[in-house]
Amino acid sequence: MSLLDIQNLDVTLALPNGPLKAVRDVTLTLEPGESLGIVGESGSGKSMTALALMRLLPRSATCEAEALRFDGQELRDLGDPAFARQIAGPRIGMIFQEPMTSLNPVYTIGRQMTEATVARGLLSEAEARRKAIDLLDRVGIPDPEGRMNQFPHQMSGGQRQRVMIAMTLMLDPELLIADEPTTALDVTVQAQILDLLDDLRRERGMGLILISHDLAVVAERTDRVAVMYLGEMVEQGTAQEVLYHPQHDYTKALLAAIPRLDGPARVPAQEAAAPEVEKVISATNLCREFHSRKGLFGPKKTVRALDDVSLELRRGETLAVIGESGSGKSTLARILLGLDLPDAGDVRMLGRPVLDLPGAERASLVQPVFQDPYTSLNPRRRLSEIISRPLVLRGEGDSASRLAAVKDAMEKVRLPGRLIHAYPSQLSGGQRQRVAIARALITEPEALICDEPTSALDVSVQAQILELLDDLRAKMGLTCLIITHDMAVVHEIADRVAVMYQGRVVEEGSASAVLDHPSNDYTARLLAAAPRFGATRDLEVVQ
Amino acid sequence: MQQFRWRHLGAASALALATAISPAFAGPSDDTLRAAMSEEILNLDYNYTTKREYIILAQLTDATLFNIDPETQEVLPSIATSYEFFDETTLDVTLRDDVKFHDGSKLTPADVAYTYNWIKDERSESNAAGVVRRWLDTAEVTGENTLRFHLASVYPLVIRDMAARIMIRKDGTYDAGGEVDRDAMAQDLIATGPYKVASFEPGTELVLERNEDYFGEKPAIGTIVVRNIPDIGTQQAEMMSGGLDWMFKVPLDLAQSLGATPLATHLSGNDLRVGFLVLDSHGYTDPEGPLTNVKVRQAINHALNKPEMAEYLIGGSSEAIHTACHPAQFGCDTSVTDYPYDPEKARALLAEAGYEDGFTLPLWAYRDKAAAEAIAADLTAVGIDVDLRYVKLQSLNQARAAREIPAYFGTWGSGGTADTAAIARIHFDMESDRNMSGDQALADEILSAEQTVDQEERKEIYSSALGKIADEALWAPLFTYSANYLVSPELDFPLDPDGLPRLQNSSWK
Amino acid sequence: MSTTDITLTAVEDSETTPLTPGQIFRQRLFGHTGFLIGASIILAIVVVAIFAPLIAPHDPYVQSLSTRMLPPVWSEGGSWEHLLGTDQNGRDYLSRLIYGTRVSITIGIGAATVGLMIGVTLGVMAGYFGGWIDHAISFLLTAQLALPGLLLAMALVFIIGPSIWVVIGIVGVLHWTYYLVVTRAATQRIRNLDFVAAAKASGASSRQIIWHEILPNLASSIIVIFTFELGIAILAESSLSFLGVGIQPPIPSWGLMIAEGKQAMFYRPWLVVLPGICLFLLVIGANLMGDGLRDITSPEGRNE
Amino acid sequence: MLRYIALRAALALAVAFTVSLAAFLLLNVAGDPAQAIAGEDATPDVIEAIRDRYGLDRPLPVRYFDWLGGVLQGDFGTSYYWHKPVAELVADRADETITLALSALSVTIIIALPLGALAALNPNSWIDRFALGVAVSAQAVPNFWLGLIMIILFGVMMPIFPVSGDSTWKHFVLPAFVLGASSVPAVMRLTRTGLIEVMGADYIRTARSKGFRGWPLLRRHAMRNALLPVISVLAVQLGQKFGGSVITESIFAINGLGRLALESILGMDIPTVQMLIFVFAIVFVAMNLLADILNAALDPRIRIG
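Residue numbers (UniProt numbering), protein chains in the order written: chain A, 1 to 543; chain B, 1 to 509; chain C, 1 to 304; chain D, 1 to 305.
No lab work stands behind these hints: they were computed from the structure.
List of simulated lysine to aspartate or glutamate pairs, DMTMM-like, C-alpha gap at most 25 Å:
1) Lys-84/D with Glu-201/B
2) Lys-279/A with Asp-471/A
3) Lys-100/B with Asp-69/B
4) Lys-459/B with Glu-472/B
5) Lys-249/B with Glu-40/D
6) Lys-106/B with Glu-209/B
7) Lys-84/D with Asp-121/B
8) Lys-301/A with Asp-134/C
Looking from chain D toward chain A, a few residues come up when the C-beta cut is under 8 Å (computed):
9) Ala-201
10) Asp-202
11) Arg-213
12) Pro-216
13) Arg-220
14) Asn-225
Since this is a predicted model, take the numbers as computed values, not measurements.
Backbone N, C-alpha and C define an ideal beta-carbon position, used for all residues, glycine too.
Next comes chain A alone, as it looks inside the complex (with noise of 0.2 Å):
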């Protein structure tokens, strides 16, 4: 009998511009210590099937199915007081996306840990806070003993995620569901909870359902992958099969999209860097520093985000810069862009220090494209003024020229025309972004400087940007910076690249050398985190 039975699942929201059926008619099953993975890109109804399951819908939902069995028993037969009793929590666990929230900031990690078995009255206080210790080793917290009187802020996002998973099996459920438990946590500490998970999953037989926006992630820790496309369950099968033979179009399509080292080589722009190439931006022994105070009364405490950095951006090369987060990075691009002065040293554009130059003429110099297409663009202006802003700023040409080379700009980046009058809000992430592109191609600027320009987009969509960027570069000979953590990216665009860690540039040079045999053990340990397609999971770290 399969641990977990759901036919035809139906949830609609009622959304103030009428309904939307978020999940339609999506069938699963689960036996007993099996790991299934659902991916989809945002919008998919991945997240909401779950939550369907857990009883946590928002309040406008609604949802209905013809069966809904965990372990044999009906889910639809138990009240909401009968299922929070006996279901929520000791049958079925739940861990979600966001570690920085998901725990409660006033209560220490001891109380949040031990509240659910002692009010249960499963433990007594003493056996409940034994048990936590015991689970917080497991999942790999050092200093357990200490940390049970700590609170969650003062911990990372990778630790407070493991947190959650040893407060969830507290209560040893028989299913556990991770809805994106690591989107928001850096590459390298992504690999180790998956890793942990299904150690945990193998070790208690549990039942695992993991959800992720990452079907390559996904692909390699789960036995069955399920795929879904716009509330509909596309595609389910073992991870062998939806990875090497796709049936649905869709799949196909995801997979081509994403970006992956063993993927079709890079062809170089020019393989000889000749010493004479202009260089468009160079920056020596940058260091910065910043003050914050810990707590309201706490001493001051400084953060050195860049440590003697020195970098080079050559003209007509794509130059990617990989670090974590912590690692200085942005940092870095705020200073190249002149948004930010360096405590020491300095940063020269075309041999001019960026001191010197007046706004506007840097601004023809380098132009920025930011991370999240949410706030890169101003909720108020129309499409038209968004994009036109740096001319207007600089008092070139009239509204006639102005909006011809809008136009022309928004051909570039392949935005449809009709768009030209409309608003942020109107549009898709994808969208954005290309405005954002084309905002920063209107003065030809000399260099782009992209932090993170994808990160924040659906797979399908990153694709397209990172095409993009790439013909632009072609046609006009653009010379890009792009900061990314994605060592697949960088396989995929760059020319050179230089890895950060803790505000230093522990290792620099073409992208196919220190791609194929990194020298620094950091940078080895970025490449095993990223994906490869090729080889079966039991991969080795190539030394």
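For this one, chain A is given, so just place chains B, C and D on it according to the hints.
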């Protein structure tokens, strides 16, 4: 939890709603008269205060050398039995021998001499200093219960001042041991009057008890409690719920309405206070201004419907006046020119003066808002566009001192003295900023009326001076005030013609 | 990189483009009952204020002392001549109430605008530049809250003289703190967003950024505060007039009318109750509008 | 911690001195103190007597620095009316204002917190509409008008409560209600939005996934987070209420700091006004500091950082 501790403290007090209490009944049952005053009572020593409330309290706590009969204006004996002018500038006074202070000590001529000499002394800074310095040289004890006053100049109102202004204190009260303490009697007053201070909480409540060994006729009521209640609305509520027996300075409408109910009786006695407009005839604010033209001033007088204002806005015994003094004051000659209410004549006069389409007149006022608005409306009706500036008293006085005011609605109570000198001098003396006519001859004439003791001569001087004021229309006299009181039905409170409330004469019905 | 034949962009270009923010705003505006009630009350009062001379049965300034303090028509002694009776100077009470709308509305709008000018400028300056400017402005904020409004009002009325403009100025100067606090926080949030960094990168000066990028995004929250301040300013004027340092007679102001009626409130309660109800209606209208606007402009909206 | 408090204390003093200087200038401009003290029927010589008794004829800077010198030695001068040290005057009247402030605050809490919580827990229900109705109408009622109506209703028609004075606790019921009611809307709205926000937070979803529902969920997880913003607003409002409400205290004849402020301003009692402003500034800043400390006590993110 810790931070909610102070919440429980407050909750207890707010939650107990149920118990109904019966209001503490004043009145005959406990022989206590509860009076309300909106002004805060802060200092019991009338030598160092001026406000009307303090005059009323001084009637209860203090006795003076003489008393003036409010009906006949005749001098009556009080602490002093008799007086005699040895010559024009020497006055001999004989005292009673049985007057005791509230602390039981016997009053001696030395106390009286000390009090007068102290007030005259530079160091006193007493509010009564101005009055005493005008006529006193020195006071000396001449016998076991007689003393002699050496006067610096001839002054007709010496006895009147002694009766109304100077309160007798024990010898050495203010400068015992050489160290000056002007507030010696502010809180625990020791005086000779019919009531003595039982307890005093400044700004809240004053309790007076009958002085059993008072030399004069003992008052009927045993205890008087004076409560400070600033808000007239709240005073009404207390009166209606029986918490009060006596209210004064009551607005007319309120007095009439509450008086009509069985809860209180409305009494209205006359008051020496008069209301008037002072016009800048000299042209301090604008040398060629309209007010310098007598016709304009006369037009203003004609424009004002004084009888209606007196009857409807002030009510009680208030009546329209045309003299720069209160008709009940000695020397106030009511035969001077009058400008009866005649808007047509007012417009004609304005036209003659060349102001057919009128002019703007900033008019300042600090009390009786209804009357001020009525004046403004009457003037507007004849074409004078009034910019009414209704401000606090001190702001008006400051602006007047800075000569910024062309016309203001003023009132004067003459401190209860029924003599034209008490109003004429201050308003027409050359140094006073209330004098907007700047007429030196008029000032000298008025001053001369205070330098002779011959009442007939004083009368003639005042008639000619007041005649000139009326002819020149330096003022626009308006009306006399009426004092409105609200008393509890059980209280019998006699009213005197000089408008001064004498609580000591009240009794239960 | 091989591009598959299925162009995924098809998902992107769906024909039905969603509504513009303006359309959404209007749609939710007319759907919000609270806002509609409030707006209709305010509209009615503004109409009364504008057409006061036509509506009012008598000239509010004409006095007749002989017919003063008449009760309203429904209680004995009242006459149809003066529907709501007459005041202390015999002026028609209903006309004064009607003309009172003019005072309250002008003061409400005027003071709220003055407050807006001061509060928003300081708020944006403090939020955008931070540093010592922020400290100086928060010092000013604390000092303003500590200074009793009554004192300022009394002094200004005396120095400049009592006109409606002075009262508007006083009430405005006393009520800019709410604007400051909200705009400062919003500016600090917007200042760190990427589109401001992009504008800076394209050479925009601070002034241009504030004017072009930040202020438009503050517009909705400023409108919400303005409607609330409208109510607060009207109450403030009535309190000042109640204490005698606000509107000067003979101009009819509801606060002043309550103060004048206070003395005879036990026998002629309508002198206090009627202006109170007018004040209450006007301010509740402004508050309902403010609440409605806030629900509509706040991202999650009220019904989610 | 101490550094932070020292900074706040310095701010309080700086504000107190600036505002007292402003008040000194405003008062002297708005009228002549000697005239105010002398009263209506004072003859010029009486006014002169008062003027030199209090040294009011000296130039403004001299008078201010003379006062300032006194303050530095802790002597705030004597009141022109009460003839006793101002510090003593303020101290006597402080207890009435504190009692009024605390009971007004408890009225606000008793009405606003439950109403706000109920409105948040069942949005768009009749309770929610009712709560909004109360907030909107309470905000629209002029303070002084409510006071008068209370006097008419409870003072005279149904004499349950005394109408004026401040001797027994019963005297504080009506004024506390009037003063408390005026701050109900702000606190209720804050509680409501605070609780709605918290109920939508991720950690509440986590708690629900562990089987917590209804009251235990509210008590164990939502309550403390939702109360954080409310606590600081209440502390600031208490600060304002300690300043005494000018109107409520004069209508109900409560001998508090509010009424003292009104009378000393109208009566030009300059030393009292300056002392009051000093007290208001310091109390106000102290209440803000208390709000910060309470927040730190309740929220580890602020305390430990």
